[in-house]
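Those sequence lines, one after another, are chains P and A. Just so you know, we're using our numbering here: the first sequence kicks off at 1 and counts up by one. Just so you know, we're using our numbering here: the second sequence kicks off at 281 and counts up by one.
Heads up, a few of these hints could be off.
[Unchecked claim] Cross-link-like lysine to any residue pairs, in silico, SDA-like; alpha carbons within 25 Å at most:
1) Lys568(A) <-> Ile126(P)
2) Lys183(P) <-> Leu332(A)
3) Lys628(A) <-> Val162(P)
4) Lys245(P) <-> Phe471(A)
5) Lys515(A) <-> Trp19(P)
6) Lys245(P) <-> Phe452(A)
7) Lys628(A) <-> Ile126(P)
8) Lys515(A) <-> Leu241(P)
9) Lys99(P) <-> Ser629(A)
10) Lys364(A) <-> Pro130(P)
11) Lys364(A) <-> Lys99(P)
12) Lys183(P) <-> Ser570(A)
13) Lys190(P) <-> Thr428(A)
14) Lys99(P) <-> Thr428(A)
15) Lys364(A) <-> Leu241(P)
16) Lys190(P) <-> Phe452(A)
17) Lys99(P) <-> Lys568(A)
18) Lys99(P) <-> Pro405(A)
19) Lys99(P) <-> Leu323(A)
20) Lys628(A) <-> Gly164(P)
21) Lys515(A) <-> Lys99(P)
It is worth saying that the hints were derived from the structure and are not from the lab. Computed from a prediction, not measured in an experiment: that's the story for all the values here.
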Amino acid sequence: MSLYASRRSANSIATTLCWVAAIFGLAWLFVILGVLLYEGVRGLSPAVFSEMTPPPGSAGGLLNAIAGSLVMTAIGVAVGTPLGMLAGTYMAEYGRHTKLTMVVRFINDILLSAPSIVVGLFVYTILVHPMGHFSAISGAVALALLVVPVVVRTTEDMLLLVPGSMREAATALGAPRAHVVGKVAYRAAKAGLITGVLLAVARVSGETAPLLFTALNNQFWSTDLAAPMASLPVVIFQFALSPYKDWQQLAWTGALLITVAVLALSIAARALSAGRRKSK
Amino acid sequence: MFSIEPSPRSANGAGGEAGSDMSEVVLQQAAPLSVAADRTRVLSRLALVDRLFRQVTRAAAVIVLVILGGVIVSLVYGSWPAMKAFGFGFLFSQSWNPVTENFGALPAIYGTVMTSIIAMLIAVPVGLGIAIFLTELCPYVLRRPIGTAIELLAGIPSIIYGIWGLFVLAPFLQSHVQPALIAAFGDIPVFSTLFAGPPYGIGMLTAGFILAIMVLPFIASISRDVFETVPLVLKEAAWGIGATTWEVTRYVVIPYTRVGVIGGVMLGLGRALGETMAVTFVIGNAHKISGSLLAPGTTISATIANEFTEAVGDLYTSALIELGLILFFITFVVLAVARYMLMRIEQKSA
């Protein structure tokens, strides 16, 4: 075989393998989504949204779990977002080249992908253990700790995208730094900042591991933040591993709900940042 | 927009008075004394707000550091009883007996490392293949949709992969793939141990496979981003001297981005090591090291997830927290290396 022919065949073998890899990889991902859709839609009914999680063998819904997820995610985001935004603001506006910023950026990136179960252990040690019982509020704190790195990262990135000339213009008008940040930089980066929050919500709404031993679970309706509270992921975990058909069906339906919510949030976040890029 | 309101008197243009300093004169052609006092008050209030805001944001940045410190301190504190009881032997002991309160981490560490290795063996070649496909081969119309789909899939919660693994993948592997593996490798020396024993469906291999599917989108999308940092001139130069697509990838794109690709792979590894829910469903939770990949095992995170709420006694809880500490340490090192490498490629492209 001539050199040319062998190079040609090496090329076609390699590119075929890449095609195969792409099809193989994407096929698994679509199979998962397909099964999820099929199994999940089968169990969808009004009862899912209006009844409590049932005892084994009887019909029921996921209302308390959905409500619990919403409550804990809302508190987690409400606590984590301001902290993350302020930290991101410091890194992009005040201490852009300081040592502190570099260290925080590095640590934050690690926290961003650190195992979430470790965060659960941390909150267990500082909140659940001293309080003596599991509670919704400790679950919310665990989620807040997962929100912070996401928001810090996006806030910093988005503020760094704001052109320096805008800050200079405001400063030249005599605006103090706090106003430059609050009334110019934040406004210019608004879509990006909202994207960050949406991504953070998407990230924590499917988190299971940190809730297992902070919020635990609750079979009944509860709005008491000091008591254990149900959440969709934990209910899915418990129901899927049970031997009861009804429970397994509810687990699939719950999984579908979470996936739809997460996908909707990420698509919204994308649409926001894409619209922003276009307008520039 | 700003709260510096011009006072009425200075607007009237009152005549110059002694007492206003030079900058005042320049700014406002000399304001009367009381106006100067007003201005000083407003300006000092603004300066105070400014300082305050700066300090608040700085404190928030410090809190991020404190959180990490707090995680480490609390884990060390929580695992102290277990450390005292078992010392370094904890890392190498295979026993896990809640009744006699004798614990060892080796099976869990082995399971964590082993499932991650299986995952990376599958996910790295496939992920890189997808990335090359997306940057070099894919028709332009499809690049954005497929790229976006992969990024969206990276955000799907791991519990979804777990429930799918339990109900769909494990039964499938049990009835179709594992018997074939056992039959195929039954007579080959090393492989007969790796693929020995009854097909349970759940076990190390299944867990590794689920992890592979889960980290696949991560590795694919990071590698794609990294491949896109290659300057077009370099590729064009290679094409210009007649290199094939594969040669451009092999001799230009991959050498140029090696550090970043390794960083992306390490990031995927970090996720695989720390992943809890996808694994917990299908690992089988057996505290023993088995030569066979088809046998059930356990990982650090699955052990914690399965046993923590039911752990009775301080030593049991403490042993589980020490497992968490070990996991945190392993992933911290892996992620730190990954970030360092990705930082280097960012500097290169900047």
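A quick look at each hint next to the structure:
1. Lys568(A) <-> Ile126(P): violated (32 Å)
2. Lys183(P) <-> Leu332(A): holds (16 Å)
3. Lys628(A) <-> Val162(P): holds (23 Å)
4. Lys245(P) <-> Phe471(A): violated (38 Å)
5. Lys515(A) <-> Trp19(P): holds (20 Å)
6. Lys245(P) <-> Phe452(A): The given pair, whose Cα atoms are some 19 Å apart, holds under the 25 Å limit.
7. Lys628(A) <-> Ile126(P): Violated: Lys628(A) and Ile126(P) sit about 42 Å apart, past 25 Å.
8. Lys515(A) <-> Leu241(P): It is violated: about 51 Å lies between the C-alpha atoms, which goes past 25 Å.
9. Lys99(P) <-> Ser629(A): holds (22 Å)
10. Lys364(A) <-> Pro130(P): With a Cα-Cα distance of about 22 Å, the restraint between Lys364(A) and Pro130(P) holds, given a limit of 25 Å.
11. Lys364(A) <-> Lys99(P): This hinted pair is violated, its Cα atoms lying about 37 Å apart.
12. Lys183(P) <-> Ser570(A): violated (62 Å)
13. Lys190(P) <-> Thr428(A): holds (23 Å)
14. Lys99(P) <-> Thr428(A): violated (35 Å)
15. Lys364(A) <-> Leu241(P): Roughly 35 Å between the alpha carbons, so the hint for Lys364(A) and Leu241(P) is violated.
16. Lys190(P) <-> Phe452(A): Roughly 48 Å between the alpha carbons, so the hint for Lys190(P) and Phe452(A) is violated.
17. Lys99(P) <-> Lys568(A): Not OK: Lys99(P) and Lys568(A) at ~46 Å, beyond 25 Å, violated.
18. Lys99(P) <-> Pro405(A): Not satisfied, since the Cα-Cα distance of roughly 38 Å exceeds 25 Å.
19. Lys99(P) <-> Leu323(A): Answer violated: Lys99(P) to Leu323(A) is near 30 Å, above 25 Å.
20. Lys628(A) <-> Gly164(P): holds (23 Å)
21. Lys515(A) <-> Lys99(P): Violated, because 37 Å separates the two Cα atoms, which is more than 25 Å.
Consistency note: the structure conflicts with the earlier hints numbered 1, 4, 7, 8, 11, 12, 14, 15, 16, 17, 18, 19, 21.
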